[in-house]
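Protein chains: 2
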Amino acid sequence: MKIALAQINCHIGNFNANKGLIIKHIEHSRASGTDLIVFPELAVCGYPPMDLLESADFVTNCTDAIREIATHCIGITAVVGSPSKNPSPKGKNLFNSAYVLADGEIKSVFHKTLLPTYDVFDEYRYFEPNTEFKTIELNGKRVAITICEDLWNEEDDPMYTFSPLEKTGEGKIDLVINIAASPFDFNHREKRISILQRNAVKFKSPIVYVNHAGAQNDLVFDGGSMVIDANGEVLFEASYFNDGLFQASITSNIVSAKSTALSKEERIRQALVCGIRDYFRKCGFTDAVLGLSGGVDSALVAVLAAEALGASHVHPVLMPSEFSSEHSVQDALDLCKLNGLTSRTIPINNVYDTFLNELTPAFEGKPFDIAEENVQSRTRGTILMALSNKHRYVLLNTSNKSELAVGYGTLYGDMAGGISVIGDLYKTEVYALCDHLNSTQMRIPKNILTKAPSAELRPGQKDSDSLPDYDLLDRILFHHIEGKSGSSSLIEMGFDAAVVSKVLSLVNRSEYKRFQFAPIIRVSTKAFGTGRRFPLVASYS
Amino acid sequence: MKIALAQINCHIGNFNANKGLIIKHIEHSRASGTDLIVFPELAVCGYPPMDLLESADFVTNCTDAIREIATHCIGITAVVGSPSKNPSPKGKNLFNSAYVLADGEIKSVFHKTLLPTYDVFDEYRYFEPNTEFKTIELNGKRVAITICEDLWNEEDDPMYTFSPLEKTGEGKIDLVINIAASPFDFNHREKRISILQRNAVKFKSPIVYVNHAGAQNDLVFDGGSMVIDANGEVLFEASYFNDGLFQASITSNIVSAKSTALSKEERIRQALVCGIRDYFRKCGFTDAVLGLSGGVDSALVAVLAAEALGASHVHPVLMPSEFSSEHSVQDALDLCKLNGLTSRTIPINNVYDTFLNELTPAFEGKPFDIAEENVQSRTRGTILMALSNKHRYVLLNTSNKSELAVGYGTLYGDMAGGISVIGDLYKTEVYALCDHLNSTQMRIPKNILTKAPSAELRPGQKDSDSLPDYDLLDRILFHHIEGKSGSSSLIEMGFDAAVVSKVLSLVNRSEYKRFQFAPIIRVSTKAFGTGRRFPLVASYS
Numbered sequence: 191m192k193i194a195l196a197q198i199n200c201h202i203g204n205f206n207a208n209k210g211l212i213i214k215h216i217e218h219s220r221a222s223g224t225d226l227i228v229f230p231e232l233a234v235c236g237y238p239p240m241d242l243l244e245s246a247d248f249v250t251n252c253t254d255a256i257r258e259i260a261t262h263c264i265g266i267t268a269v270v271g272s273p274s275k276n277p278s279p280k281g282k283n284l285f286n287s288a289y290v291l292a293d294g295e296i297k298s299v300f301h302k303t304l305l306p307t308y309d310v311f312d313e314y315r316y317f318e319p320n321t322e323f324k325t326i327e328l329n330g331k332r333v334a335i336t337i338c339e340d341l342w343n344e345e346d347d348p349m350y351t352f353s354p355l356e357k358t359g360e361g362k363i364d365l366v367i368n369i370a371a372s373p374f375d376f377n378h379r380e381k382r383i384s385i386l387q388r389n390a391v392k393f394k395s396p397i398v399y400v401n402h403a404g405a406q407n408d409l410v411f412d413g414g415s416m417v418i419d420a421n422g423e424v425l426f427e428a429s430y431f432n433d434g435l436f437q438a439s440i441t442s443n444i445v446s447a448k449s450t451a452l453s454k455e456e457r458i459r460q461a462l463v464c465g466i467r468d469y470f471r472k473c474g475f476t477d478a479v480l481g482l483s484g485g486v487d488s489a490l491v492a493v494l495a496a497e498a499l500g501a502s503h504v505h506p507v508l509m510p511s512e513f514s515s516e517h518s519v520q521d522a523l524d525l526c527k528l529n530g531l532t533s534r535t536i537p538i539n540n541v542y543d544t545f546l547n548e549l550t551p552a553f554e555g556k557p558f559d560i561a562e563e564n565v566q567s568r569t570r571g572t573i574l575m576a577l578s579n580k581h582r583y584v585l586l587n588t589s590n591k592s593e594l595a596v597g598y599g600t601l602y603g604d605m606a607g608g609i610s611v612i613g614d615l616y617k618t619e620v621y622a623l624c625d626h627l628n629s630t631q632m633r634i635p636k637n638i639l640t641k642a643p644s645a646e647l648r649p650g651q652k653d654s655d656s657l658p659d660y661d662l663l664d665r666i667l668f669h670h671i672e673g674k675s676g677s678s679s680l681i682e683m684g685f686d687a688a689v690v691s692k693v694l695s696l697v698n699r700s701e702y703k704r705f706q707f708a709p710i711i712r713v714s715t716k717a718f719g720t721g722r723r724f725p726l727v728a729s730y731s
Numbered sequence: 191m192k193i194a195l196a197q198i199n200c201h202i203g204n205f206n207a208n209k210g211l212i213i214k215h216i217e218h219s220r221a222s223g224t225d226l227i228v229f230p231e232l233a234v235c236g237y238p239p240m241d242l243l244e245s246a247d248f249v250t251n252c253t254d255a256i257r258e259i260a261t262h263c264i265g266i267t268a269v270v271g272s273p274s275k276n277p278s279p280k281g282k283n284l285f286n287s288a289y290v291l292a293d294g295e296i297k298s299v300f301h302k303t304l305l306p307t308y309d310v311f312d313e314y315r316y317f318e319p320n321t322e323f324k325t326i327e328l329n330g331k332r333v334a335i336t337i338c339e340d341l342w343n344e345e346d347d348p349m350y351t352f353s354p355l356e357k358t359g360e361g362k363i364d365l366v367i368n369i370a371a372s373p374f375d376f377n378h379r380e381k382r383i384s385i386l387q388r389n390a391v392k393f394k395s396p397i398v399y400v401n402h403a404g405a406q407n408d409l410v411f412d413g414g415s416m417v418i419d420a421n422g423e424v425l426f427e428a429s430y431f432n433d434g435l436f437q438a439s440i441t442s443n444i445v446s447a448k449s450t451a452l453s454k455e456e457r458i459r460q461a462l463v464c465g466i467r468d469y470f471r472k473c474g475f476t477d478a479v480l481g482l483s484g485g486v487d488s489a490l491v492a493v494l495a496a497e498a499l500g501a502s503h504v505h506p507v508l509m510p511s512e513f514s515s516e517h518s519v520q521d522a523l524d525l526c527k528l529n530g531l532t533s534r535t536i537p538i539n540n541v542y543d544t545f546l547n548e549l550t551p552a553f554e555g556k557p558f559d560i561a562e563e564n565v566q567s568r569t570r571g572t573i574l575m576a577l578s579n580k581h582r583y584v585l586l587n588t589s590n591k592s593e594l595a596v597g598y599g600t601l602y603g604d605m606a607g608g609i610s611v612i613g614d615l616y617k618t619e620v621y622a623l624c625d626h627l628n629s630t631q632m633r634i635p636k637n638i639l640t641k642a643p644s645a646e647l648r649p650g651q652k653d654s655d656s657l658p659d660y661d662l663l664d665r666i667l668f669h670h671i672e673g674k675s676g677s678s679s680l681i682e683m684g685f686d687a688a689v690v691s692k693v694l695s696l697v698n699r700s701e702y703k704r705f706q707f708a709p710i711i712r713v714s715t716k717a718f719g720t721g722r723r724f725p726l727v728a729s730y731s
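Taken in order, these protein sequences are the chains called A and B.
Residues in the first sequence are numbered consecutively from 191, following this note's numbering.
Residues in the second sequence are numbered consecutively from 191, following this note's numbering.
No lab work stands behind these hints, which were simulated from the structure alone.
From a predicted model like this one, the values you see are computed outputs, not experimental measurements.
Which copy is meant is left open, because identical chains are indistinguishable; a pair holds if it fits in one copy or across any two.
Capping the alpha-carbon separation at 27 angstroms, the derived lysine-lysine pairs in DSS-like fashion look like this: (1) Lys381 with Lys674; (2) Lys392 with Lys280; (3) Lys275 with Lys674; (4) Lys280 with Lys362; (5) Lys280 with Lys674; (6) Lys280 with Lys357; (7) Lys280 with Lys381; (8) Lys331 with Lys357; (9) Lys280 with Lys394; (10) Lys556 with Lys703; (11) Lys392 with Lys324; (12) Lys362 with Lys381.
Produce the entire structure from the sequences given, and follow the hints as far as they go.
Listed below in structure tokens is the structure:
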């Protein structure tokens, strides 16, 4: 049985593009004698379509696309993900489905049973769970078709009361197909392989797994489509972050090259580059603008953007103030030189002074405080957005996860931007990624990596004036955000109670800032944004 | 059977406050000979707790609070909403529960069966649905305890495959209790009454319904707790928007005063005032700042804020520019005078000119366009945020739903603000609310209501230069946003295809702006914000 894994990069709602891509891969595979071609979950419309699914027109577009694709399936069987209408008047109006297309028509439709509704997933918002467990015969094999989460009911703390394969085929399945929309995090490859292996062994069946490759909003779908045999051995593993059509067999390892495990930093690099590139392409933009402070965060974003868009499409702006250190401007210029970037300098002193002059009566003689600091930051935000508006650039946000966590940033100032590139990297991870980038070629000047972090919004300011050292801060934040540990658990772990109390209070108090923040390219298991939802009016820490 | 309906205003996560309130009402009711006191859904922690539910500490706080409350239930039975731990290792870790407390202990726990997961609701994100259908005997009556959505499976297009009461008590129920967290929209009272009446008649049982009163984030819980008899007659209807403890009986109308139906505008007025007041109080703020343009939107927000916070706690700022009309300043000053508001004037010309001067090289000789317009708007946003930061004011946003829909606003400029007061009112609804406010006392000067809307960001600009008339625009938007009609359905309704295409394209293209917008006090069935979730990278309209 010759199988093709169509690890495609869909564009949400772009039916012509998605359909064209799917038909192209079907035609190509048919010509090369493929028996079965498998596409990812919701391939016709892209994942996640979100509330577009509530439009009847949108769903009709999906089912129309499926019918058109079916006409191309002559001499080949295709499995294609699409929403489908629930024929019953009871329950939600849609299923999340896998269509089996052959002989020019729809042969069968399988529905998703386990609907992930946690973190970034909202599937029960739209879909009725499947309750009918069946198989289909393909090339003489009894095949069970599942959709992503259907294989993910964990053994140790199962989120669902059963796994659909337990009810399918009375334990006699020759092949499991799993079509997926499984977003990247830096540990996800190993998790995914282990889940698929466990299922293969438990249900004594090979598994063909096909994922999306490409970014949508904040989510990076990293590909890594796979074939696993009934013993749990990985026979084939497709590339990561790149879309493509891969030939595989369920009986032998026809492709010798398996992916090797990349380092955490290299995975993150590839994910962020993919995230930037697809955001721009899918939104119809080519060029980026960003502020370069001379600090490590904006330096890293500039380097990643240059890789994703090309250095000539990245427009860094230096906006020094009276509080900028001597090094800052030179460090930023050195970075541009190293990376072939052409920068522009627009000092903020004149605008800042004019603001303060106009604000003097309204400030009523109160001392310099965060208000003046934020005027500087918002002046920079306004300059960057002016360039964005005038030249059709997207402003790249340069905030990191540590500062987003504790609210160490100015809403509408340095928190401005169309997309956040490193908002899911703690400060210590920012440094690690810079070191990784520098390991093959010097991209980030050493001085940027060795000087003490500072917002430079008042004389001699250092991040460590008001925050714990990042090593400590990031460990507390990781256990609180990824680990969901509250204050009593953190104190039990050995963290100082006063520090814990301060950090958690900062995290909770800055919820309102993150609520208005740009989408963040997600690389961890718990990013700020749609995957983490907290009330703004809560009194709890 | 003497029943008390405890329609309370909880504070999310504030266990001491919520517990104190609950115990106070229990003690008071016990002293007055009440048999049964009923509190709303998730009363111990407030609704919606959102991802706080994922913290083990938080859930322990809830169950500890329940145990403490139980010790006060001697000689009285209380029904109190709280999350509870799912004892099974399978399924989600929590239930959304109603605890029955009596004789100083927990007598029984009922769980929610139908978990709303649509619009602003995300309950399947956290909770396992109930599968055990039971009753409890209270004062010799067979009582079924349900939680909010459990009674809401609609007859015409049921979202769930069954209604829990169909499986409860074999059709012999003497009383149904429903504890709720049911947010306001301007038609919701009638919908709610009709749903409760249908259930009462269908299951031949009186219903005691208890809702929250008070706002949490973007949601206003409007109270309106009720007792309905087995014939569907409303025996008692509590007040709207006010919390309180109400005595009722299921056998007779002991309280003669039923609420009368208020006009749409009066409901919206009360909801917005409640929304502002609770946002400030629960976040620990007292004073608001806002920009007064002389236009109708900011005028309305100023009047509502003065009602919610007191005129002396509202700080309007006039920020005229070279493009401001003569009338604008005078209209804004007249508004302040009518409403006892003290305003401050900070012209933006000097800052704007300084910005343009610094930006001249970067603008590369390109003509005046949206970039310069947005610099004005962001200058105003920066001034307002400076006052917010310096004086601990919350910036009230003044955007309306029509302009948010089509992206007619500047991100980080007039789209700035901690909370959006009228972001769920179309422009035509803004005028209607102003007329309503003026009907009892002149609050908004006539000239503000009669002049043509303009952003005044370039000479002679009018909203109608680039948008259809608001009467037409708002009708298209309503059918598209509330009605979820796509372009083909709108054209079928008789709207002009070119206008539909333009409007829908504007709506889709501005998704990225709304993504970064403040929480919007919700008054319709479909507000922008957490209840409406669209992908930013989609290509679809």
